[in-house]
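Using the sequences provided together with the hints, build the complete structure.
Order-wise, the sequence lines are chains A and B.
To convert, note that position 241 of the first sequence is 240 in numbering that gives the first Met the number 0; the numbers rise steadily by one, no gaps.
To convert, note that position 24 of the second sequence is 23 in numbering that gives the first Met the number 0; the numbers rise steadily by one, no gaps.
Don't take every hint at face value.
Partial selection, computed: residues in chain B whose CB lies under 8 Å from chain A [to be verified]:
hint, residue
1, L24
2, F33
3, A35
4, N40
5, K44
6, I46
7, I47
8, T51
9, A53
10, I61
Honestly, the hints are just simulated from the structure, not real lab data.
Quick caveat, the model's predicted, so the values are computed rather than measured.
From the three backbone atoms N, C-alpha and C, an ideal C-beta is built for every residue, glycine too.
Spelled out from the first residue to the last, the chains are:
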Amino acid sequence: MIKIDQKAVSRKEFITVEFFYMSTRNLFQLELYSDTSGFNRKIFEQNLHRPGLALAGFVDLFSFSRVQVFGNTETQYLSQLNKEQRIKAIERIFQFNIPCIILTDNNKPFPELLELSNKYKIPLFGTPFSTTKLVYFVSDFLDDQFAERISIHGSFVDVYGTGMLFIGKSGIGKSEVALDLVERGHRLVADDLIILTKKGEGILMGSGTNMGRHFMEIRGLGIIDVERMFGIRAIRYQKRLEIVVELEIWDDNTEYTRTGLDQEHVTISGIDIPYVKLPILPGKNVTVISEVISLNYLLKHYGYKAAESFQERLNKKISEKNKDDMRGVEYFEHDFE
Amino acid sequence: MIEKIVKIKNKAGLHTRPAATIVKLASKYKCEFFIAKDGLNINGKSIIGVMTLAAETGSELILTFEGEDEQLASDEITDFFNRGFDEP
Numbered sequence: 000m001i002k003i004d005q006k007a008v009s010r011k012e013f014i015t016v017e018f019f020y021m022s023t024r025n026l027f028q029l030e031l032y033s034d035t036s037g038f039n040r041k042i043f044e045q046n047l048h049r050p051g052l053a054l055a056g057f058v059d060l061f062s063f064s065r066v067q068v069f070g071n072t073e074t075q076y077l078s079q080l081n082k083e084q085r086i087k088a089i090e091r092i093f094q095f096n097i098p099c100i101i102l103t104d105n106n107k108p109f110p111e112l113l114e115l116s117n118k119y120k121i122p123l124f125g126t127p128f129s130t131t132k133l134v135y136f137v138s139d140f141l142d143d144q145f146a147e148r149i150s151i152h153g154s155f156v157d158v159y160g161t162g163m164l165f166i167g168k169s170g171i172g173k174s175e176v177a178l179d180l181v182e183r184g185h186r187l188v189a190d191d192l193i194i195l196t197k198k199g200e201g202i203l204m205g206s207g208t209n210m211g212r213h214f215m216e217i218r219g220l221g222i223i224d225v226e227r228m229f230g231i232r233a234i235r236y237q238k239r240l241e242i243v244v245e246l247e248i249w250d251d252n253t254e255y256t257r258t259g260l261d262q263e264h265v266t267i268s269g270i271d272i273p274y275v276k277l278p279i280l281p282g283k284n285v286t287v288i289s290e291v292i293s294l295n296y297l298l299k300h301y302g303y304k305a306a307e308s309f310q311e312r313l314n315k316k317i318s319e320k321n322k323d324d325m326r327g328v329e330y331f332e333h334d335f336e
Numbered sequence: 000m001i002e003k004i005v006k007i008k009n010k011a012g013l014h015t016r017p018a019a020t021i022v023k024l025a026s027k028y029k030c031e032f033f034i035a036k037d038g039l040n041i042n043g044k045s046i047i048g049v050m051t052l053a054a055e056t057g058s059e060l061i062l063t064f065e066g067e068d069e070q071l072a073s074d075e076i077t078d079f080f081n082r083g084f085d086e087p
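Set out below in structure tokens:
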């Protein structure tokens with residue numbers, strides 16, 4: 000079974016506003032209004048906040064540590080104040096340690112807001128997106144940034160569109176299986192070191208590291224570059240983890256699944272992933288079996304379960320009164336092919 | 000299970016040659032060997048894993064050994080780290 004050491008689990012504590020801006024400026028079409036003096040401010044959580052009430056004077060429970068979104072409400076509110084009141088309202092929230100502010104819907108900042116954000120070193124951005132859209136985008140981005148990341152030793156391959164992670168003792172041949180699968184037209188996500196990231200509820204996304212991307216070690220040969228060798232069709236950057244396959248040397252004392260009626264699972268970071276333990280034997284083609292595992296998973300996914308179907312047949316046969324011939328063909332009618 | 004914290008002492012850091020030596024040393028033993036740094040926990044018997052750490056001089060690594068011959072493995076590998084990979 001898979002066991003995950005706490006040392007392999009990490010989570011970003013914060014990101015800087017600079018990192019946030021650099022990673023998302025194109026995605027969210029962010030425009031920087033203020034100067035960059037507040038770029039070292041930190042964002043600690045994925046939630047966003049609309050500071051309408053705080054601007055109006057109610058600062059109890061003000062979630063100042065979140066990214067602040069100024070939508071039409073905030074902008075309208077500020078515009079109906081006179082200049083002094085506006086400065087007072089803005090300064091009221093600027094007393095707090097705010098990471099940054101985003102103006103949505105192409106709203107341009109008031110001169111006072113711009114001036115004060117430079118003075119208090121709070122970065123000010125604008126975006127053409129509506130508040131609802133921006134909140135959705137930014138939450139998703141931050142959610143990903145602050146998600147739990149798990150590093151796992153194995154090989155991760157997309158087999159017929161199913162994300163399969165091969166695990167097992169070092170030297171058992173995970174990379175060789177991955178290479179064989181690539182040769183047969185499947186796509187390598189990463190070899191050796193896989194980073195799994197929790198995405199939403201119940202989804203784990205797998206990718207490689209920025210260093211080890213699509214490099215692979217084959218024992219006795221050394222390091223090879225799969226992307227260079229097999230071309231773009233042989234790789235992909237990310238894939239949802241759907242099946243964990245553990246390779247192990249055949250052990251007479253271990254019981255292996257025979258009917259496949261009960262699907263085993265492993266739990267990674269609270270998420271259940273279907274799990275198959277695959278014993279390795281001479282003459283056993285793990286690659287082909289992997290393809291079959293994937294196809295079987297797809298069949299199950301689309302509602303057909305071979306083991307259950309066979310069981311139904313069996314039950315029907317048992318309950319039938321007059322059992323006819325066991326032969327699969329009733330009558331070989333002049334067909335001698 | 001044995002856990003050891005080691006520091007990279009040589010100037011060049013954990014580059015290809017010492018990485019290859021570590022993997023070779025580790026592969027002699029039956030026990031599992033993992034190296035952790037910055038939330039990455041890599042298999043110490045895999046060259047790509049060890050190189051992915053890109054451990055620079057001064058950085059700290061946590062070595063974990065688990066299995067029948069863990070004591071012998073831990074002694075030899077920890078010693079190799081502490082000697083600064085026999086490099087300046």
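Structure-based check of all given hints:
With 8 Å as the threshold, the beta carbon of L24 (chain B) stays out of range of chain A, its nearest partner Cβ sitting at about 14 Å, so the hint is violated. Interface restraint check: F33 (chain B) against chain A, minimum CB-CB distance 7 Å, threshold 8 Å, status holds. Using the Cβ-Cβ criterion of 8 Å, the hint placing A35 (chain B) at the interface with chain A is satisfied: the shortest such distance is roughly 4 Å. Given hint, N40 (chain B) at the interface with chain A, holds; its Cβ is 3 Å from that chain's nearest Cβ, closer than 8 Å.
Residue-level restraint check for K44 (chain B) holds (minimum Cβ-Cβ distance to chain A is 4 Å; threshold 8 Å). Hint status for I46 (chain B) relative to chain A: holds, with the closest Cβ pair at about 5 Å, below 8 Å. The closest approach between the C-beta of I47 (chain B) and any C-beta of chain A is roughly 4 Å, which is under the 8 Å cut-off, so the hint is satisfied. Of the supplied interface hints, the one on T51 (chain B) holds, with its beta-carbon coming within about 5 Å of a beta-carbon of chain A, less than 8 Å.
At about 6 Å, the closest approach between the beta carbon of A53 (chain B) and any beta carbon in chain A falls short of 8 Å, and the interface hint on this residue holds. The beta carbon of I61 (chain B) comes within 6 Å of a beta carbon in chain A, closer than 8 Å, and the hint placing it at the interface holds.
Taken one by one, the earlier hints fail for this structure only at number 1.
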